[in-house]
Amino acid sequence: MAPVVVSGYEKLVRLVAVAGVVVGLLAGCSAVYDAQYEDRENQLAQSRRTFLTGTTNVQFLSAGEHRVYWVDVPQTVEMPELHSVAEPGSAQVDYPWSEDLSTAAAAGLGLGDQLVVSCSNGQAFDAGASEPASPYGQLDTSVFAGNENVGTLCVVSGGAAYFVSPNAPPGIEEWQPVAGSATTTQALALGSINPNPNGFGFADAGHILYQEGNNVWLLPLSGALPESPLEGQQNEVTAGTIAFDDEGVAYVETAGDVVYLRYSDATFDPAPVTSVASLISASGYRINFEHADVQNLAPNGAYVMFQHHLVYEGNGGIFALGMDTGNVVDLLLDGLADSDGNQSPLYKNPVITDDGTLFVQDQSLANAANVQPVYAVDLNGRLR
Numbered sequence: 001m002a003p004v005v006v007s008g009y010e011k012l013v014r015l016v017a018v019a020g021v022v023v024g025l026l027a028g029c030s031a032v033y034d035a036q037y038e039d040r041e042n043q044l045a046q047s048r049r050t051f052l053t054g055t056t057n058v059q060f061l062s063a064g065e066h067r068v069y070w071v072d073v074p075q076t077v078e079m080p081e082l083h084s085v086a087e088p089g090s091a092q093v094d095y096p097w098s099e100d101l102s103t104a105a106a107a108g109l110g111l112g113d114q115l116v117v118s119c120s121n122g123q124a125f126d127a128g129a130s131e132p133a134s135p136y137g138q139l140d141t142s143v144f145a146g147n148e149n150v151g152t153l154c155v156v157s158g159g160a161a162y163f164v165s166p167n168a169p170p171g172i173e174e175w176q177p178v179a180g181s182a183t184t185t186q187a188l189a190l191g192s193i194n195p196n197p198n199g200f201g202f203a204d205a206g207h208i209l210y211q212e213g214n215n216v217w218l219l220p221l222s223g224a225l226p227e228s229p230l231e232g233q234q235n236e237v238t239a240g241t242i243a244f245d246d247e248g249v250a251y252v253e254t255a256g257d258v259v260y261l262r263y264s265d266a267t268f269d270p271a272p273v274t275s276v277a278s279l280i281s282a283s284g285y286r287i288n289f290e291h292a293d294v295q296n297l298a299p300n301g302a303y304v305m306f307q308h309h310l311v312y313e314g315n316g317g318i319f320a321l322g323m324d325t326g327n328v329v330d331l332l333l334d335g336l337a338d339s340d341g342n343q344s345p346l347y348k349n350p351v352i353t354d355d356g357t358l359f360v361q362d363q364s365l366a367n368a369a370n371v372q373p374v375y376a377v378d379l380n381g382r383l384r
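Residue 1 is where the sequence shown starts when you use our numbering, and the numbers rise one by one after that.
It cannot be assumed that every hint is accurate.
Unchecked claim - Here are the computed distance ranges between Cβ atoms for each label pair:
(1) Tyr33 / Asp204: 41 to 47 angstroms
(2) Gln186 / Met79: 36 to 42 angstroms
(3) Gln186 / Glu227: 16 to 22 angstroms
(4) Gly159 / Glu247: 22 to 28 angstroms
(5) Asn194 / His308: 26 to 32 angstroms
(6) Glu87 / Pro226: 54 to 60 angstroms
(7) Thr325 / Pro226: 26 to 32 angstroms
(8) Ala302 / Asp34: 24 to 30 angstroms
(9) Asp338 / Arg384: 30 to 36 angstroms
(10) Met79 / Arg382: 19 to 25 angstroms
The hints are simulated quantities; they were obtained by calculation from the structure and are not laboratory data. A virtual CB, placed ideally from N, CA and C, is assigned to each residue, including glycine.
Turn these sequences into a full structure, and let the hints steer you where they fit.
Dropping the structure here:
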C-alpha cells in the first residue's frame, strides 16, 4: 500500500483540532474548579450575619476586649462618630462627644469593655453610656511632659488605662479614672528600656508587650524586668502589624516576612522564629488545583491573634492558622474575579472580640459607593 502523504495544511488543521480539544478540556476543568470554589464560598457565607449594612460609610473598625467599635458617617449627622456594641445582639452605644472624629484620631483611642480613653488628652469616657458627653475622668497629662509618643499610645484593660511616662524613673503609669481623679501610680519601672515605645498592648492579664525600636519586650506588671527583649539579639522587628496573645507574637521582619515567636523560646540566642508562610504551606490546606494559593498570606494583609490562632487576610479570603496545631481553616472566601478583575465579596480588616466573634468588612469594588457592609462570624467551634 502506498504511503499516505499528509500535506502541511492538513497537519496544521489536525494540530488545531487537537489544540481545540485540549483547550476545551482545560476550560472544562477550570469551570469545575471554579464551581467547587463557589460552592465552598457560599457554604462559608452561611456562617456570617450582617452586623452593619455599610450604608453609613464605616471608616474604622476595631475591638476592645468584648466590645466592637466602629466609626461611621450617619446620614442624619453627616460627620464621623464612634459607636460600639458589647456583644452580638446588644444595644448599640453612640458617643456624641466623638462627632467629627477622624480615622487617625480613632486609632489613637484606648478601647475596652468599660472605658474609651483619648490617649492624646488623657480623657476617659464610660464605654457603656452615650451620655454624659463630658469625660468620666481627666488625667493630668503634665506628668508625661517630654514623651513624644504620649498622645498616640495608651492601653485599656478593665477599669484602668496605661500610659508610658519618661519622667524619672521612666515607667508605665496606671490610671484608674474614677470620676474627678487625675492621679496615676507607676505600675512598672522601665529601668534602661527606652521610654518612647513604637507600640504596646496587653499580651495577657499580667504582661504588656512593648515595642521599642526594633525590639519587642514582654514586660511583667509585677516582678523583675526581663534581661533582654524577645528579639533583642537580632533586631529584626520592623514597621507593620504586631499581633499577640498569651503564648506568642507575630510580626513583620525587616525582610518583609511575617514570623511567629513563642515567648517560651525567647530565652534562646538568637530566638527561634517561624515563618508564617512556611506554616501555611505545611498545613496541607488546598481548596483545589486551580485556586491553590488562596490561603497564602496576602501581601500587606491584616492579621490578629486569637486563642493561639493567627486569623489573617489570605489571597482569597479570611483564614485561621493554628499556631499549636499547624492547621489552616477557611473562615470566609472572597468572590472570584469577574472579567474586569473585580471581586465581590472582598473581605478585609479582621477584628475579633474576646467572646470569639470575628468582624470583617466587605471592601469589594462593587461597593465602591461607600456601601461596605460589616459581617460577624462566630468562631466558637470553628478553629482547629
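Results for each hint:
no., hint, in the structure
1, Tyr33 / Asp204: 41 to 47 angstroms, "holds (43 angstroms)"
2, Gln186 / Met79: 36 to 42 angstroms, "holds (39 angstroms)"
3, Gln186 / Glu227: 16 to 22 angstroms, "holds (21 angstroms)"
4, Gly159 / Glu247: 22 to 28 angstroms, "holds (26 angstroms)"
5, Asn194 / His308: 26 to 32 angstroms, "holds (30 angstroms)"
6, Glu87 / Pro226: 54 to 60 angstroms, "violated (36 angstroms)"
7, Thr325 / Pro226: 26 to 32 angstroms, "holds (28 angstroms)"
8, Ala302 / Asp34: 24 to 30 angstroms, "holds (27 angstroms)"
9, Asp338 / Arg384: 30 to 36 angstroms, "holds (32 angstroms)"
10, Met79 / Arg382: 19 to 25 angstroms, "violated (37 angstroms)"
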